[in-house]
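Residue numbers (the numbering used here), protein chains in the order written: chain C, 1 to 315; chain R, 316 to 851.
Fair warning: there could be bad hints in the mix.
Stated by the list, open to error - Using C-beta positions, here's what the derived DEER-type ranges look like:
id, chain 1, residue 1, chain 2, residue 2, range
1, R, Asp741, C, Ala141, 44 to 50 Å
2, R, Lys702, C, Val22, 20 to 26 Å
3, C, Leu140, R, Gly691, 55 to 61 Å
4, C, Leu29, R, Thr478, 51 to 57 Å
Honestly, the hints are just simulated from the structure, not real lab data.
For glycine and all other residues, C-beta sits at the position ideal for the given N, C-alpha and C.
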Amino acid sequence: MLTYFLQRLISLPIVLLGVSVVTFALMGLAPGDPAEALLRSQGGEPLPEAVQALRSELRLDAPAPVRYVRWLGRVLQGDLGTSYRSRSPVAQELASRFPATLQLAVAAMLVALAIALPAGVLSAMRPNSRLDLVARLLALAGNAMPSFWLALLLIMLFAVTLRWLPAVGGGTPAHLVLPALALGLGVAARLTRLLRASLLEVLRADYMRTAYAKGLHERTAVTRHALKNALLPVVTVIGTSFGDLLSGAAIVETIFAWPGIGRYAITAIFLRDYQVIQGCVLYMATAFVLLNFLVDVCYRWLDPRLHFGSHEGAR
Amino acid sequence: MDDVSTWGRRRLFESALAIGSGAVLAACAPGQQTGETGGTDRPAGGQAAGGQLSQATLRVGATFNPGTLDTAVDGNTALRVGLAEQLFRQGRDLKPVPQIASGGKQLDERTWEIGIRSGVKFSDGTPVDAAAVKASLERALDKSAQAKTLLRLDDIRLKDATTLQVVTQAPNLPLTAILTDSSTSIVSVKAAEQLGEAFANRPVMTGPYIVERHVTGQETVVVRNPSYWGSPGKLARMVFTGMTDNNSRVLALQAGDIDLAQTIAAASVPVIQADPRFLVKEATSLRVHKVFVNHAREAWQDVRVRQALAHAIDREALVKAGMSGGANAATGALPPSALACSGISGFAYDVAKARQLLAGAGYRDADGDGVVEKDGRPLLATMLTFKTRPELPVFAEIIQAQLRAIGIRASIRVVDDITAALNTGDWDIATSSTQTVQGGDPLAFFQNYMHSRGRLNSGKVASTRLDQVVDQAATAPGDRRAQLICDASKIATEEVAFVWLVYPKLYYGISKQVTGFEPHPNDFYFMDAMIGKSEK
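Isolated chain C (complex conformation) (with noise of 0.2 Å):
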């Protein structure tokens, strides 16, 4: 356990480095000039030699290699660099966000959860009932709908036809639930699809007609011996579903005004915000080899079996 856990200890620099190395590139090869963006977003029409000014003040006049090098020894000291925009250290800006976009996470991952985990499972028990009919209608019309059209069509009902909850923005727990139901709703949809199909195939194997053949209830049954079977595949969805979370939703925190992550990183791609980009992308690398940990770490929970470092076997 401990060298496993050392062992993805010493992968996370290596795959930081990777990914920065590649958004490096790929901010590079994307049209747009951070100094004139950022003019333009100060409402003016940007002379060439303002552009270029601006250009040798944020250091961008240097070849990209170069300014690569420069802004990994920074990171190595431990700076994430300054915002070409607000002119704030970027660490500072990124760590103002996350208490939002963890809220909204951890907010968004249990209503899907409280979705998902019973309509999954009775489903899976009554399969072609009506109840597993209309659990599984729901999550097509889920997996289908895009979030944001989700996202304005419960402004509409609940914000502006009922009144019952604030429209957009942030500051109290009211705020929370329709970006979080916006959000979760999506990853519900596609958690019950998968819960019922796994456990469906669990309920057909031969140690399920032993468990029910020594007497077992249905409902022990299914809660002690199937679910914890069925949920492997599950779990590594619900990991890679909160790794989306985390990084922020951009489109639905930018609907609902939401002070995240997500927006940030929206906002810094437009306006070529090369710093607040590299340190948004090692942020959300970071938290996706963590929950990747994690999951591993569930799935020996869930199936002792399985043993760190041969986890290949794992489904």
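Starting from the known structure of chain C, arrange chain R on it as the hints suggest.
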């Protein structure tokens, strides 16, 4: 209560004094004089009747994510939320009106004298004198790329405690207009030095409001500045939340989350208008949507071909289909909100005339394929467009269809970076949009885009007539300058330096509780001290 009314009376007295002293300076001033004292456009603000200050909070759904409040980094947020003031302010006719300045007069071609209004205070209570203004301008010139470009100064001198002498690098620079730019906002340099980095979140400036809470990229909350030098702002508090999505702003207004939605899309206007709780206010922006023409390419060097292009475009169709009616058809280079010019009628939509002009230029469709040719070469056009302004690609498609009607075959290329694409020279026409007024002055638009040596003249416009008029305007004083700019607009239109398409409008959705809101053509001024809210 007593305190408040005493305080209000004192304020009123001081304002009157300030106005009075400004008037004296104005009356004595020889030479060019810009604006008058505390004029009609100054946010005179005011108190609710009976001397009691309103406790209302105005919630604004902003199109911008609040940025830094340090105006030397980016002045727009601080100006928009009522924190920052400049020496001069743009009036509704865009003419500079003295704000912190009591007036400005030009002594000779390069020297200006600017009086500082007496009684102006920073939000920490310290007085604003000529030395403080000098320090603030020097800080802006040191730190702000925008200020450096606009404000080309040789020297700032203190004449006395309330008067500055400013020497510009070029003759007859429209200095008072430039001093309306948000990058030149007057800040307390002393406070900036003391606060260091914290200044960007808690700046000390002179506006009617001060910061209560500021989270970059999210929200700015401002409250009434108790030591404001003018009459106090009409609101106790304003909350600006960045809602970059149009639907979010509209829905938030409908849900009652906000009182004012900044610039809503034309398509959302009927929805808001249909609701008895809201009003829509409109203003013409300072933008012009236009078509770049590549004058370096042989086909477009003939003015008749360019005129044919201008006649072939049905601007009403662009307004309807591309902008849901949220614009006016353009006649000249400048929207009337930027500068009202008479005698520029533009190009009517006239397919027959366009065909005639093309025929006159030697183009006819000899092979009957629907595309006109000259010397065997068909008239083809590569049209660039980009998506940042969603109406522009739609414009490109409509124009493509309209050009087909006169025998020009256009192919559309959507690019990400329009500036870079234009610089390659590998194109014929391009849809684009420009803010026509920079630092309160529309001349730069002509200098940069239409002068043969213009730094943004990627269409290679080369007209001796236009160059002459633009050069004259650059050094001409006051009213003569405005006339010359109108002349330039006329020439640029007649010679089709660009094809002018439409002047977009700005719409604001507001709750009927909001009082005193009249949108300014420059959306940086969408908020001012006159805005209030009835407490029903």
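Each hint tested on the structure:
Between aspartate 741/R and alanine 141/C, the C-beta spacing of about 47 Å keeps the proposed range 44 to 50 Å intact. Checked against the hint of 20 to 26 Å, the C-beta distance between lysine 702/R and valine 22/C comes to roughly 25 Å, which is consistent with it. Look at leucine 140/C against glycine 691/R: about 59 Å separates their beta carbons, and that is inside 55 to 61 Å. For leucine 29/C and threonine 478/R, the Cβ-Cβ distance of about 54 Å falls inside the hinted range of 51 to 57 Å, so the restraint holds.
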